[in-house]
Amino acid sequence: MTDLRELYEEVILDHNRNPRNYPKIPLGHNCEAHGFNPLCGDEFRIYLTVEDGIIRDAGFEGAGCAISTASASLMTEALKGMEVSKAEALFAEVHRLLTEEEQTGEPSDLLGKLTVLTGVKEYPMRVKCATLAWHTMHAALHNQEKTICTE
Amino acid sequence: MIVPNHLMRSDGARHEFDVYRVRKDFPILNQAVHGHPLVYLDNGATSQKPQSVIDAVHDYYCWNNANVHRGVHTLSERATRAYEQAREIVRHFISASHQREIIFLRGTTEAINLVAQSYARPRLRPGDEILITEMEHHSNIVPWQIVCKQTGARLRVVPINDAGELQLEKYADLLGPRTRLVAVVHLSNSLGTINPIRKMIDVAHARGVPVLVDGAQAVPHVPVDVQALGCDFYAFSGHKVYGPTGIGILYGKPDLLEAMEPYQGGGEMIRRVTFEETLYNVVPYKFEAGTPNIAGAIGLGTALEYLSQFSVEAVGKHEEALLARATNAVRNISGVRIIGTAAQKSGILSFVMDGVHPHDMGTILDTEGVAIRAGHHCTMPLMTRYGIPGTARASFAMYNTKEDVDALIRGIEKAKEVFER
Chain A
390 MTDLRELYEE VILDHNRNPR NYPKIPLGHN CEAHGFNPLC GDEFRIYLTV
440 EDGIIRDAGF EGAGCAISTA SASLMTEALK GMEVSKAEAL FAEVHRLLTE
490 EEQTGEPSDL LGKLTVLTGV KEYPMRVKCA TLAWHTMHAA LHNQEKTICT
540 E
Chain B
8 MIVPNHLMRS DGARHEFDVY RVRKDFPILN QAVHGHPLVY LDNGATSQKP
58 QSVIDAVHDY YCWNNANVHR GVHTLSERAT RAYEQAREIV RHFISASHQR
108 EIIFLRGTTE AINLVAQSYA RPRLRPGDEI LITEMEHHSN IVPWQIVCKQ
158 TGARLRVVPI NDAGELQLEK YADLLGPRTR LVAVVHLSNS LGTINPIRKM
208 IDVAHARGVP VLVDGAQAVP HVPVDVQALG CDFYAFSGHK VYGPTGIGIL
258 YGKPDLLEAM EPYQGGGEMI RRVTFEETLY NVVPYKFEAG TPNIAGAIGL
308 GTALEYLSQF SVEAVGKHEE ALLARATNAV RNISGVRIIG TAAQKSGILS
358 FVMDGVHPHD MGTILDTEGV AIRAGHHCTM PLMTRYGIPG TARASFAMYN
408 TKEDVDALIR GIEKAKEVFE R
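Residue numbers (this note's numbering), protein chains in the order written: chain A, 390 to 540; chain B, 8 to 428.
If you are wondering where the hints come from, they were derived from the structure by calculation, not from laboratory data. Some hints could be false.
Below, in silico cross-link-like pairs of lysine-lysine (BS3-like), each with a Cα-Cα straight-line distance of 25 angstroms or less [stated by the list, open to error]:
#  : chain 1 : residue 1 : chain 2 : residue 2
1  : A       : Lys413    : A       : Lys510
2  : A       : Lys517    : B       : Lys324
3  : A       : Lys510    : B       : Lys423
4  : A       : Lys517    : A       : Lys535
5  : A       : Lys502    : A       : Lys475
6  : A       : Lys510    : B       : Lys421
7  : B       : Lys324    : B       : Lys409
8  : A       : Lys502    : A       : Lys517
9  : B       : Lys421    : A       : Lys517
10 : A       : Lys413    : A       : Lys502
11 : B       : Lys423    : B       : Lys409
12 : A       : Lys469    : A       : Lys413
This one's a predicted model, so the numbers in the text were calculated from it and none came from an experiment.
Could you build the full structure based on these sequences and the hints that come with them?
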């Protein structure tokens with residue numbers, strides 16, 4: 390049960406039950422991308438409003454498991470008001486948090502609340518769920534039209 | 008014709024079915040996962056293998072490995088005999104009339120693709136129709152879509168009702184003057200529904216339409232007699248019936264098989280080759296181009312021998328009791344909805360729980376040592392029909408026990424607890 394509680398942290402369950410910025414297409418959004426993992430069926434569309442190099446607003450639509458939904462919700466919350474360059478750095482940090490075998494040193498300050506995703510690493514089959522929204526956000530910032538998949 | 012000795016035995020000599028003894032034959036079951044005894048309920052995806060199957064594959068490579076139908080040496084003769092003996096075991100198991108009706112392939116998927124390309128494709132004209140059902144696996148949808156695209160034929164779909172049963176009156180309506188083939192699943196992998204295949208075949212035949220049956224899920228659970236069914240093609244996979252992966256069967260009526268073009272060209276399937284033309288080998292070899300999965304075929308034969316030592320009725324009764332126990336218990340958990348409540352069903356319990364995505368259910372059950380499948384089960388159109396992204400699916404095999412069912416129920420209650428806290 391200890392393991393399970395690390396995966397299904399309070400914060401994750403809360404963001405799954407009540408996803409923030411969902412379902413929402415922010416006004417004046419100018420970046421968007423589609424993420425879809427066909428094997429498990431998780432599917433999201435991420436929308437960002439970027440002005441002067443700053444993400445003014447973020448939102449998402451779609452459906453997925455608790456891990457993918459909470460990850461997308463936490464992400465949109467973290468991105469609002471963030472410089473694009475910082476968002477890219479955060480994307481790299483989250484990716485490192487979820488996929489690196491050995492964590493060296495303390496987790497980056499950038500992560501903040503997102504460290505609740507650490508538990509996912511113990512469930513290799515579920516890492517793709519947590520990373521889907523992030524890769525989709527990355528694609529949105531680069532205006533990539535092709536559907537993102539993390540399977 | 009080679010008839011294995013044990014098949015000469017009368018049914019009366021069959022072993023009594025004792026699930027706890029059966030479990031001892033499956034070495035993989037004797038292990039712990041996340042500190043709990045393994046409860047394997049993902050048999051719809053693939054079944055585990057008895058020691059006799061593992062030994063047969065092992066022994067083949069240790070003692071008899073050689074190419075079949077080619078060498079004059081001892082090993083080749085042994086390999087060929089074992090391979091053909093496996094074909095005879097399969098023939099006997101599904102009550103086909105002759106070994107030439109049994110084609111060894113990679114699995115159900117390849118068998119359906121073979122029929123789509125070798126039988127349907129040369130016969131389809133623009134506007135012709137292939138009739139499938141709403142509960143088909145992608146492997147009984149996509150090969151038909153491909154051949155429709157190639158020929159200009161149309162795919163028609165028989166709808167189901169909310170319980171997951173085919174609407175037979177709609178089936179009769181959809182069987183029209185342009186229908187060239189019916190392709191239908193015997194036992195649904197997502198719902199557990201057993202379709203009234205015999206009746207459907209009769210209706211199709213009355214209109215001169217041949218029928219292919221996808222038997223991937225049915226063969227381990229229900230008796231299959233291809234002659235009694237009257238089906239034109241019957242496809243199934245070895246690995247879902249306690250045999251190895253990468254081996255499967257296409258049964259076909261001999262006159263249809265004879266009239267079909269080969270699926271692939273290569274060695275084994277020829278009689279004489281010149282640069283000008285090639286004379287094809289007889290069936291079934293015409294459809295077995297290249298060196299086949301010899302060890303797989305031998306393993307499959309051994310698996311069917313293993314299953315044959317028990318009466319179909321005894322195994323069926325045991326699995327029915329497991330499904331009934333699980334169904335009753337799941338019904339009592341609030342927030343759980345069973346997907347697939349057909350009057351005739353077997354082996355499969357698909358469900359969704361309010362607020363708990365099937366993948367989260369799968370992960371939580373796994374931490375309890377319970378292996379199930381979560382997702383769309385390669386039946387995306389069916390999931391769309393029910394308006395759900397997927398289900399959690401427990402699927403039973405002959406070696407599952409009531410204790411396995413109870414562990415499943417405890418796991419589902421745990422998932423509820425985790426998500427409700």
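So, going through the hints one by one against the coordinates:
{"no.": "1", "hint": "Lys413(A) <-> Lys510(A)", "result": "violated (29 angstroms)"}
{"no.": "2", "hint": "Lys517(A) <-> Lys324(B)", "result": "violated (41 angstroms)"}
{"no.": "3", "hint": "Lys510(A) <-> Lys423(B)", "result": "holds (23 angstroms)"}
{"no.": "4", "hint": "Lys517(A) <-> Lys535(A)", "result": "holds (18 angstroms)"}
{"no.": "5", "hint": "Lys502(A) <-> Lys475(A)", "result": "holds (16 angstroms)"}
{"no.": "6", "hint": "Lys510(A) <-> Lys421(B)", "result": "holds (22 angstroms)"}
{"no.": "7", "hint": "Lys324(B) <-> Lys409(B)", "result": "holds (13 angstroms)"}
{"no.": "8", "hint": "Lys502(A) <-> Lys517(A)", "result": "holds (20 angstroms)"}
{"no.": "9", "hint": "Lys421(B) <-> Lys517(A)", "result": "holds (24 angstroms)"}
{"no.": "10", "hint": "Lys413(A) <-> Lys502(A)", "result": "holds (22 angstroms)"}
{"no.": "11", "hint": "Lys423(B) <-> Lys409(B)", "result": "holds (21 angstroms)"}
{"no.": "12", "hint": "Lys469(A) <-> Lys413(A)", "result": "holds (13 angstroms)"}
This entry does not satisfy hints 1 and 2, going by the numbered hints stated previously.
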